[in-house]
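Novice: Protein chains in written order, with this note's numbering: chain A, 1 to 341; chain B, 1 to 341; chain C, 1 to 341; chain D, 1 to 341.
Derived by calculation from the structure, the hints in this document are not laboratory data. Given the structure is predicted, the values throughout are model-derived calculations rather than measurements. Glycine residues also receive a C-beta, built at the ideal position from the N, C-alpha and C atoms. Hints are supplied without guarantee of correctness; some may be wrong.
Okay, the calculated beta carbon distance ranges per label pair [as the list claims (entries may be wrong)]:
| no. | chain 1 | residue 1 | chain 2 | residue 2 | range |
| --- | --- | --- | --- | --- | --- |
| 1 | D | V222 | A | W23 | 54 to 64 Å |
| 2 | B | G89 | A | R297 | 48 to 58 Å |
| 3 | D | A161 | C | Y200 | 46 to 56 Å |
| 4 | C | A138 | A | Y200 | 54 to 64 Å |
Protein chains: 4
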Amino acid sequence: MSYRVGIINVTGFAGMEAARLLWKHPAARITSITGRSLAGQRLGDAFPHLAVYGDMKIDAEIAGDVDIVMSALPTAASAEACAPFVDAGIPVIDIAADFRLTDPAEFEAWMGKPHPAPELLPRAVYGLPELKRDAIQAAKLVANPGCYPATSILALAPAVAAGLVDGPIVVDAKSGISGAGRGSGGGFGYSEVNEDVSAYKIANHNHQPEIAQELGALRDGVRPPVTFVPHLVPMTRGIHATCYAPLARPVSTAEVREIYRDFYNDAPFTEVVATPPHTKHTLGNNMCLVHPVVDERNGMLVAVGVLDNLVKGAAGQAIENMNLMLGLPQAAGLDLPAVYP
Amino acid sequence: MSYRVGIINVTGFAGMEAARLLWKHPAARITSITGRSLAGQRLGDAFPHLAVYGDMKIDAEIAGDVDIVMSALPTAASAEACAPFVDAGIPVIDIAADFRLTDPAEFEAWMGKPHPAPELLPRAVYGLPELKRDAIQAAKLVANPGCYPATSILALAPAVAAGLVDGPIVVDAKSGISGAGRGSGGGFGYSEVNEDVSAYKIANHNHQPEIAQELGALRDGVRPPVTFVPHLVPMTRGIHATCYAPLARPVSTAEVREIYRDFYNDAPFTEVVATPPHTKHTLGNNMCLVHPVVDERNGMLVAVGVLDNLVKGAAGQAIENMNLMLGLPQAAGLDLPAVYP
Amino acid sequence: MSYRVGIINVTGFAGMEAARLLWKHPAARITSITGRSLAGQRLGDAFPHLAVYGDMKIDAEIAGDVDIVMSALPTAASAEACAPFVDAGIPVIDIAADFRLTDPAEFEAWMGKPHPAPELLPRAVYGLPELKRDAIQAAKLVANPGCYPATSILALAPAVAAGLVDGPIVVDAKSGISGAGRGSGGGFGYSEVNEDVSAYKIANHNHQPEIAQELGALRDGVRPPVTFVPHLVPMTRGIHATCYAPLARPVSTAEVREIYRDFYNDAPFTEVVATPPHTKHTLGNNMCLVHPVVDERNGMLVAVGVLDNLVKGAAGQAIENMNLMLGLPQAAGLDLPAVYP
Amino acid sequence: MSYRVGIINVTGFAGMEAARLLWKHPAARITSITGRSLAGQRLGDAFPHLAVYGDMKIDAEIAGDVDIVMSALPTAASAEACAPFVDAGIPVIDIAADFRLTDPAEFEAWMGKPHPAPELLPRAVYGLPELKRDAIQAAKLVANPGCYPATSILALAPAVAAGLVDGPIVVDAKSGISGAGRGSGGGFGYSEVNEDVSAYKIANHNHQPEIAQELGALRDGVRPPVTFVPHLVPMTRGIHATCYAPLARPVSTAEVREIYRDFYNDAPFTEVVATPPHTKHTLGNNMCLVHPVVDERNGMLVAVGVLDNLVKGAAGQAIENMNLMLGLPQAAGLDLPAVYP
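If we strip away everything but chain A, and leave its shape as in the complex, we get (with noise of 0.2 Å):
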């Protein structure tokens, strides 16, 4: 037994990404692929990397029948496509920020659009499954998570869960640059970004409220202020979120790093590491490394969380969401090393 998955917009950095990694899945197999400049064209061909898909074409739309479908088409676009497969009744995970806030108000006020599709919005799920396993195995509609806010929740979600938490929280969180997606204009040349580090969206970028709105569900709803800035770093791939937590109550690190070990110990791809983790830790595969720290000389939390932003940030958690809502296993192709060096 194989299921039938469906990628539409293979030919982004996340669509294609999902083909690297499902390509040794052992139940599910891709049978169609979209991508609309480059359709008629043989995946390998586009994308030399994927060489081992032999006369796979790239497709304009989804062709044949599919059991699931994941759309890595951009934000806003991606809702209408999504649409007609969830209407179906055909489970999709949404790559984009499409059904990630639960407020289409929202959605108009960051995006500068109105919501696309705002009568699917009370169907999605949001698809971290260290906070919602159950759902997601329930969901026919999985809103993947954006790559600073799953860092950023994972970095921060035991803590407040349990209350250590009063106080603004900042998340300042480093990026590569793959972030920015595919072919993406002069601003990320090489040459231009190379040898330099920058912030940019300063305390107005749309994973804000993401990530308020989670860590929010945490503790009744109530969002916290947070306070985020991402920044770009010249590597490819990985996010780095050191998040600032004020602590509500003293606690030593040790305390700490119990509390966070016992909210995942569960989860099969965040794990709590003892010394500072390095985003090259994480290339290629679906970990998060998450590092918190006790600064006791100011009742400060310091909590790191590092993951590959195209894997655990995007691809690879799309098909953790697959395998829950398909009933496999949770881990199922995703149990790799990394690629280091």
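We have chain A; now place chains B, C and D onto it with these hints.
Specialist: Below, chains B, C and D without anything else, positioned relative to chain A:
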């Protein structure tokens, strides 16, 4: 007229950068350089990028008369080498950390060894001209700031001095690898740090007290709580400090920017910019670019500072201090474009 | 049925890459790993990217029964470690250079020390399946090719074998820094090799005789003149060999490409491509991409080969050899997409 | 006395590098700069690394009187912009390829369009002072060499001129990405070219005839066969050319080095070095480092040349030519250390 400069330990990254920058100085020239491991070699043979120096040799000790000395030795070794010059009345700039903390007990607590020359501490001035120009001009011993503190203090000083900050400060700093020094061990090998971001010495780096001491000096000596977390990013040069400080009262980004512009009105090397600065915009020159933004949603100041860790964070700053100590124009030899791309 | 594999010196880049790739092998599993400096540690603690191995510990010596051994020790140390297994009839793959040159005098001339086990040389087979599949299948001792020779020989072999080449061959090879090994000294520090290209051991690298020997074996043992120049480029993984060979007779690019396609018709991991290949298209997988072009203006063949130095240039090649030696499908565990971007 | 310099298209990498280098020129200053897409903006706003220029604005056309003009427009567009100045008797340096090939038919064959100003070709001098200093001093129109040809010709010229070379020459060149220009399209995005090496335009790049023409001019105009293959490597600046030339007679490395040293005895910016040079040793300055080695085993000369493609390969070379054309010291404004690390 041309002042004679001696550089102790020209063979480290800071020392060789001083030699690079002094080459075109209009009123000072290097007359003696040391570096024990390479003593006897021509500077340009040891470091081909400095071949313009022709036959100048590396000595074991400072040779001949000099008008000013810069020491780029490692912390704790530096004070010992500086002392004879201080005693002889020759102006000294220490690029190491030996004379930055005013309290020798604090030095011992953070460095793990007794201060090597506590009797000189009262004569040392912290060499950040944006804060202490007059004192530097009168000093015979200047403690050149650390690269992280220089960036962080310049990003935060106007807000702290204006009483805008009330609450725990977070400094999240990202550094290029040259901060680890020349010939650093395996942990800084290309394969290990390329395509990687990691934090280190979380809330436990010895630059923390330096930041707190100098920010405190702006407000009656009361040190603010500062949580400082340094990170390594895969580039050679550059520091990007993102500083987060709760605001004492509502204020707009425009107002804050005005306060910053007033504060740095006379500073030739610190510029307040209107868009997020890139470390690359300062590569190779002595500029610090500062960019304050108010996160009005959360009453949080986000202040970014960027500079080249080897220039405004080390050798360029030392030359700026030298200019002040010798009565030269502050910008002599330092008014340079950055190297871009 | 699952073969038991022992890896000697898992702590180098080649050894740890073998562990990464063997994790998902369908018919072989690691049962013992050594690495003296880290003996006693858990593999996943020493190398977090291999945390999937759970409690597996690094031993000082191969422990328990194994069906095959791979040695990733340094050259000259490796033969000594391999000998007891060869003597015991256990199949051995040596990833070092100890058994590649058939003539022990040549080993001594290039390595500067006598061959440590000359009596084993007659039993060793050069492990490049594109040239010697049958011999590898029958061998008990396989000399895994060097990363530069693997790339260069695969780029040139079809032309040499077809008698197309007449005249001095130039191999200009560009390597990522991981070729220098883990924890390499100061010369491979990030700050030293980032933003840099340099040649080294010009026409004097010990991979030269390996290339000449194997190309000569394709033509009655007469070694062609080969000028080999390796270069370091600032990336972690990848080798790009650009090979130049004067043509013995006029021939078109199309004809040459056809000769290449025929030659590699049965080779699962060497593909002849129609556009200049990128090293990045093979990152993390076992492919070698080959691209021959005729410079008709000058009667010169330009043949490009690219591969991942740690996979097809080391650990992946070793597993491919293991598969052949154990009678498994040649591609078992190795039919993977590359990691891109 | 200070000459007034106009730069046409200051907004490309070569143009802005000219602005960077001219800032400290002792006898010339920029008085007008153009760049149509950014006309009206302050130079320092458009390019923050040039903020030292204060209020200088980018114009649409050269404004006011100038004593010399540099054009950094794209090839084919440049000639048209240069022509009026040439006609007016104002010295012109064309950094594009418009005036490098002496034969307009060859221009058309390689560029795919007719030469835009063939009547000016007889007046143009190829601007490589190591070969043509006297002619440049007398010229009113100088064709600045291409970055690849500059490196390759300087690496090979002494050997060719001395009659040491007999047989087909191979030039294998590795370039940083800035050679592709500012704001280059998706193919030069960070994620696409990081961790990657690839060849392009194999034996088909329009710099080939430029190399052959100038090497031929050293030997009675007979062009040697040259196979030229350029490669992209993941760094911003730098070119490394490795040149291979069969020797006409046995000669030692020491003899060849002596011939090279004699040849470049009077050249302030080309130095013959005794160890393999690093591109990084020339980053930001006008040096070309040359390193010839004889592969005695095969009677092959290997000659390495390195330089910064934006300096000695473009803007620095243009200023060196400007100095000669204006009767200034050849090295004025250019005797700078490189930026290292």
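Novice: Taking the numbered hints from earlier one at a time, note which ones the structure violates and give those numbers from smallest to largest.
Specialist: Violated: hints 2, 3.
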